[in-house]
Amino acid sequence: MNPKFTTDEILVRALVSQGIEHVFWHPGGARLPYYNALAKCEDITLVLVRHELGACHMADGYARTTGRPGVVMLTSGSGASNSITGIANAYMDSAPIIVFCSRESRGDTDSDQFDETDMIGVSRPVVKHSYVVQSSTDIPRVVQEAVFVATSGRPGPVVIDILRSAHENRTKHEYVMPSKVSLRGYRPAESGHAGQIKKALEALLRSTRPVICAGGGVIQGDAASELLSFAERLKLPVTTSLMGLGAVPGSNDLFLGMVGIHGTRVANDAIAHSDLILAIGTRFDDRVTNDPRQFCPQAKVIHVDIDPSSISKVITADLPIVGPCKEVLTILNQLAREKEELSSNGDDQYATWWEQLDRWREETSQGTQQNSKLDDSAMLRPEDVVQVLYEATQGDAYTTTDVGQHQLFVAQGFKFSTPRRWVTPGGLGTMGFGLPAALGVQFAFPSATVVCVTGESSFLVNLQELSTCRQYELPIKVFCFNNGTLGMVKQSTQIHAGECELRGYPESMPDFVQLVESFGHRALRAATLDELKQAVDVAFSNECKKETVFVDVTLDPDAILSSAKSRGNNLDDQSMVDA
Amino acid sequence: MMPVKHILAILFENEAGALARVLGLFAQRNMNIESLSVAPTEDSTISRLTLLTMSDAPTIEQITKQLNRLVGVIKVVDLVHVDHVERELMLVKVCAEGEERQEIKRTCDIFRGQIVDVTTNTYTVQLIGPTAKLLGFLEAIGRAHILEVVRSGTCGITRGAKALSAGPKGV
Ligand SMILES: Cc1ncc(C[n+]2csc(CCOP(=O)(O)OP(=O)(O)O)c2C)c(N)n1
Ligand SMILES: [Mg+2]
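Order-wise, the sequence lines are chains A and B. So the first sequence is numbered by this note's numbering: it starts at 1 and just counts up by one. So the second sequence is numbered by this note's numbering: it starts at 1001 and just counts up by one.
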């Protein structure tokens, strides 16, 4: 006779079979039955968090940097619904997280029992898929499907709601895991259309002012090295979206910087004057395009994406290619190599274009050099802090952020050398993401350097996770850009409607050093360049290798994020920007 | 861009919650659904939904892609792009008294309606046809005589031998 298992044993076996190593968890009555089996399981580390939202962001940071699913386990009711912002954040940024919750119900799910929420209904618009599990025997299949759905195609969050009736009784069942996933309604594209890919290469070779516009899909699709080979082979200039930072090394000469409202001038100029854009793994978010009608007025657009709904949604594609970035780029590389072998004249095809781009690049860098004199007596400017942090980490550290000026200063100032190092809530813009995300990353990479750049306001949103950080002794380094204001909002409301006052806000801020110390962490203050450099030295010193370090960096409250300028489109039209 | 009529035939998993996901997509986009009819197909694990909506071309393209993204949706076809037959069923309770009974019976015959229930002062008429024909009947009878109308929503099928099956997703 086959062995039989209780529901909690079945769940744990299923998770282990899928290679799950961490579960971020916040308990409650409805999940108690699972605790024992999970706690006993040696293959899974249970991480007890302080808030369900924290659990989701941890799983999200974990998932984005590893490509593996981040798993969250919650209770019912408010314990479940607290996760919604975290799920929505993962949905917007295509992060594969799996959220288990449980219903306090006997099967009839609308009996208004204590601590009950219809999580399937509440989460419906922000999940890739969701499941209600009515019977323990379904658990292995559902777990396997959830992992497949969350991580394949365009990744995204999956919610699994387990009815209490499925796990309440201690009846034992056989453990049956299907040999493979079979979902007739879900078949993500495995390759791009060969004919379209060929046409794309021909179009690129015919063009005179091409630009690659890469997004987070290149990173999530593990296509960065293919992208770099292709760009280098053809000498194509590359821009990325916020989510695409790290898709090519930030210091590579082909990289023009980030495109869009907060992008570099040369990247925006390139897009505005391009005759052919190769968009890859990007969805043309409004922070990239501003007014889409004026975004790339002269360009034809080739758009490669695993998700057909991203293509021609904002910018009409002249040549759509549905497929995984990695496979499509591999074929493009092959075709380009064959072409090279046939003809020898290919080099310097875009020489005139590069002359122009280099001139633009030169102009901007002159502009920034003029205003980047570090002066020790003045208040610290965010650019200076970013520069110091960048020098200390070389764009190699895992860097999480929250939302606001601090986030974009890092995006503008860091040159990420590798994909999956930059962890930012780009789509939903979720304040409170940075700290828990950093914890998630540190769980995935215990010996890596993990930096969280936050704003004083964003930091307060999820600071309870400092306690989780203490419990698990995670040596993350937090740099709080404390400008005493909702910098991003202030900046954009000033743009909209003149002065904006946040009366009483700076005076109501806590003493961050005392606050963080009370959680048992080391906390430092830095208000001048010297203090900052010292604090950074301490934070990254061997002595603090195993310690959480928090640095409260006092910044000029009036610092303004430099906004994009461009000739030829309207990316410098700040009237359209809100926080 | 002018909104025009679209008839989406959607095959999806016949299970709890699947229809809500489909309809949620329309609600999220503030798109009105003019009519919908849904029932299992010859394969009882698959439901077929015929959904009628007014929309411009980019919007219908996007919602079609979004529908295809749903894990439980197996196939989506816009029937207005192909030669198709559409039918709707309507039941109408008509006030029919005295002299008018004859006249109403005649109108009903002209529209090939069937009287499925009779009382001394009402007829209940069943009509099947394209929506335009059903509306034509209501007009012919006259608003004053109509007590109650129930319509099934359009359902549609392609003409010719080719059948819509649960093979790989289209679009
Ligand atoms: C949860 C949430 N609420 C509100 C906003 C709107 N918002 C965007 S940036 C910002 C200010 C953030 O302030 P801070 O964290 O201090 O960052 P700064 O811009 O000052 O660097 C606000 C309120 C948001 N993005 N997320
Ligand atoms: Mg601030």
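By construction, these hints were calculated from the structure, which means they are not laboratory data. Virtual Cβ for every residue (Gly too), placed ideally from N, Cα, C. The reader is advised that the hints may include incorrect statements.
Per label pair, the in silico range of CB-to-CB distance [what the hints assert, rightly or not]: (1) A:Tyr472 <-> B:Asn1030: 43 to 49 Å; (2) A:Asp253 <-> B:Asp1083: 53 to 59 Å; (3) B:Gly1017 <-> A:Pro188: 19 to 25 Å.
Not everything, but these chain B residues come out facing chain A in the computed CB check (under 7 Å) [to be verified]: (4) Gly1024; (5) Lys1065; (6) Gln1066; (7) Val1071; (8) Ile1074; (9) Val1077; (10) Arg1143.
*Holds or violated: is the Cβ of B:Gly1024 closer than 7 Å to a Cβ in chain A?*
holds (5 Å)
*asked:* Tell me if the beta carbons of A:Tyr472 and B:Asn1030 are separated by a distance inside 43 to 49 Å.
replied: holds (45 Å)
*Verdict for B:Gly1017, A:Pro188 (Cβ pair) under range 19 to 25 Å*: Holds, at about 21 Å.
*Against chain A, run the beta carbon of B:Lys1065 and see if the smallest gap drops under 7 Å.*
OK, holds: B:Lys1065 within 7 Å of chain A, min 4 Å.
*Have a go at the B:Gln1066 hint: is there a Cβ in chain A nearer than 7 Å to its own Cβ?*
holds (6 Å)
*Can the hint on B:Val1077 be confirmed by a CB-to-CB distance to chain A that is less than 7 Å?*
Where the cut-off is 7 Å and the nearest Cβ of chain A is about 14 Å from B:Val1077, the hint is violated.
_Take the shortest C-beta to C-beta distance between B:Arg1143 and chain A; is it under 7 Å?_
Constraint on B:Arg1143 not satisfied, violated at 39 Å.
*Is the hinted range of 53 to 59 Å satisfied by the C-beta distance from A:Asp253 to B:Asp1083?*
The hint (53 to 59 Å, Cβ to Cβ) holds, given that A:Asp253 and B:Asp1083 are roughly 56 Å apart.
_Minimum beta-carbon distance criterion (7 Å), B:Ile1074 to chain A_ = At about 4 Å, which falls below the 7 Å cut-off, the nearest Cβ of chain A leaves the hint on B:Ile1074 intact, so it holds.
*asked:* Holds or violated: the hint that B:Val1071 contacts chain A, with Cβ atoms closer than 7 Å.
replied: Status holds, d = 4 Å.
Of the numbered hints listed earlier, those contradicted by the structure are 9 and 10.
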